[in-house]
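Asks: These protein sequence lines map, in sequence, to chains A and B.
To convert, take the position in the first sequence, counting from 1, and add 8; that gives our numbering.
To convert, take the position in the second sequence, counting from 1, and add 8; that gives our numbering.
Treat the hints as calculated values from the structure; they're not laboratory data.
There's no promise every hint is true.
Since copy identity is lost for identical chains, a pair holds within one copy or between any two.
[Stated by the list, open to error] Below 30 Å or equal to it, Euclidean Cα-Cα: the simulated DSS-like pairs (lysine-lysine) are:
id, residue 1, residue 2
1, K251, K188
2, K251, K166
3, K267, K166
4, K166, K188
Protein chains: 2
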Amino acid sequence: MTTVLDGDAVASDIRDSLTDNIDTLTTAGVTPGLATVLMSTDPSSETYVSMKQRDCEEVGINGIHVEIDADAPATELYETIEDLNDDPAVHGILVQLPVPEHVDERRVVRSIDPEKDVDGFHPENVGRLVGGESRFKPCTPHGVQKLLDAAGVDPDGKEVVIVGRSEIVGKPLANLLIQKAPGGNATVTVCHSHTEDLAAKTRTADIVVAAAGVPELIDGTMLREGATVIDVGVNSVDAETEKGYELVGDVDFESAKEKAGVITPVPGGVGPMTRAMLLYNTVKAASAQTGVDVELP
Amino acid sequence: MTTVLDGDAVASDIRDSLTDNIDTLTTAGVTPGLATVLMSTDPSSETYVSMKQRDCEEVGINGIHVEIDADAPATELYETIEDLNDDPAVHGILVQLPVPEHVDERRVVRSIDPEKDVDGFHPENVGRLVGGESRFKPCTPHGVQKLLDAAGVDPDGKEVVIVGRSEIVGKPLANLLIQKAPGGNATVTVCHSHTEDLAAKTRTADIVVAAAGVPELIDGTMLREGATVIDVGVNSVDAETEKGYELVGDVDFESAKEKAGVITPVPGGVGPMTRAMLLYNTVKAASAQTGVDVELP
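Go ahead and model the full structure; you've got the sequences and the hints to work with.
Replies: See the structure below:
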């Protein structure tokens with residue numbers, strides 16, 4: 009019997025606990041504030057940002073939205089970040105990536121105050137995560153860890169194969185799962201485009217995390233019977249739908265489901281967890297910056 | 009036919025090139041300066057520091073040695089670091105670890121100016137390494153990469169098993185070898201004390217890096233025919249020698265040599281590389297801080 013993990017339900021539980029945390033903060037006079045900065049005309053970036061703002065509103069986080077013309081000089085973005093760094097009402101800052109080509113993305117990431125870096129992408133925060141003393145875990149890998157926990161799958165001693173080595177998923181997740189810490193202690197292999205026999209690696213894994221950005225890369229023949237399969241992919245592919253496309257994961261769900269013990273769907277798996285963990289990081293940031301203690305879920 | 013890698017010879021070549029770099033710097037009026045700070049009465053720490061100072065002298069780096077009484081208040085160390093951060097004659101700072109228990113080691117590591125952090129342990133530098141834009145690669149993993157290169161072993165597409173997840177070897181080496189970059193692109197697995205069947209993992213590897221700190225953990229039965237074996241271990245074990253002990257690696261050299269295609273000895277393998285890469289980082293630091301260009305080996 010295969011368990012299909014309900015990411016929406018797990019995320020909803022986390023949001024409920026965060027709402028309690030936010031009540032505690034608000035009672036103490038602190039309204040957690042998340043600034044989202046959009047410098048793009050890309051429709052999916054716009055969608056992501058508006059979803060994040062809606063999430064904030066729902067749980068009682070003060071969402072501050074800044075929009076910068078995509079053609080504006082890069083300095084406008086850098087200065088906006090400086091202002092938000094200095095603003096005590098803003099506890100978390102998220103600049104929606106990618107930024108336009110004339111903007112130095114690395115400079116953007118590094119100029120966010122590490123204490124407000126709720127994406128967890130600042131080098132100092134990446135380094136802390138590797139060292140086992142993370143300030144903010146990046147939202148997607150953190151969401152994957154929470155999903156595994158909710159499913160009762162403890163990575164300790166397990167063989168985990170992560171397919172993909174991105175800065176936002178593959179690398180931080182690998183670094184999280186090898187930690188000598190609860191939710192870690194896994195034997196982790198990172199596979200990517202230069203891996204010679206991907207199927208041979210995934211077939212030995214207790215847990216496969218697909219985060220390569222390649223539609224339906226992992227199918228049932230590549231899995232061990234009973235494996236846990238976490239699909240991080242969100243790929244838009246042409247389809248005869250009303251919109252002319254559909255969203256598919258990095259896993260071929262139908263064939264993978266035949267083999268997997270536990271599997272996440274797309275959508276409704278990792279996606280809602282990523283969104284919930286952004287709220288988590290914002291609450292954590294507000295608590296750390298104000299000294300008002302909360303018990304995070 | 010097994011190749012026994014001569015780390016002394018490879019390190020000597022690197023030191024020769026660095027001597028040229030140092031000539032360039034000196035001609036431009038810059039003498040690279042490395043400060044070593046010792047706050048310990050541990051004999052091996054004392055030995056390590058004096059070796060580093062001797063290495064500096066040999067290549068023309070200005071070695072500045074600061075010794076702090078192991079019983080002194082922690083603030084004395086913190087203030088020393090502040091002073092060295094501010095001293096323009098000091099381009100690199102190395103605090104010999106471990107520090108006494110009453111000193112906060114994390115604070116020590118974080119208080120070193122990242123631009124002078126030639127050990128590469130500051131979170132910001134760890135984060136940059138993960139992001140593929142390292143400022144200083146930690147000396148031992150960097151030395152391993154250089155050794156592989158000198159042996160003509162390209163990790164690209166290879167299966168690498170790293171045994172050990174320390175902050176100074178296992179974690180940074182894994183993060184280096186998965187980079188989409190020359191000397192990287194390997195499929196990397198990190199094993200450790202919670203790995204359930206270590207031999208099964210090492211037996212599939214093209215390259216095994218033993219960095220667990222467990223004497224002779226890896227023997228020939230755990231290796232694939234023709235594997236490359238890099239032994240990072242330096243363990244002192246009781247022996248009927250004059251000193252009452254001997255140094256052995258994490259690899260059982262005799263049995264491993266029968267299987268391996270390429271293998272490093274202990275001593276004379278990774279050890280001299282680690283020392284050479286500290287000089288490399290110091291030269292790199294001096295160049296970066298003064299704007300005098302050098303072509304690093």
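Asks: Now look at each hint and say whether the structure bears it out.
Replies: Outcome of the hint check:
| no. | hint | verdict |
| --- | --- | --- |
| 1 | K251 with K188 | neither (46 Å within a copy, 35 Å between copies) |
| 2 | K251 with K166 | neither (41 Å within a copy, 42 Å between copies) |
| 3 | K267 with K166 | both (18 Å within a copy, 28 Å between copies) |
| 4 | K166 with K188 | both (13 Å within a copy, 26 Å between copies) |
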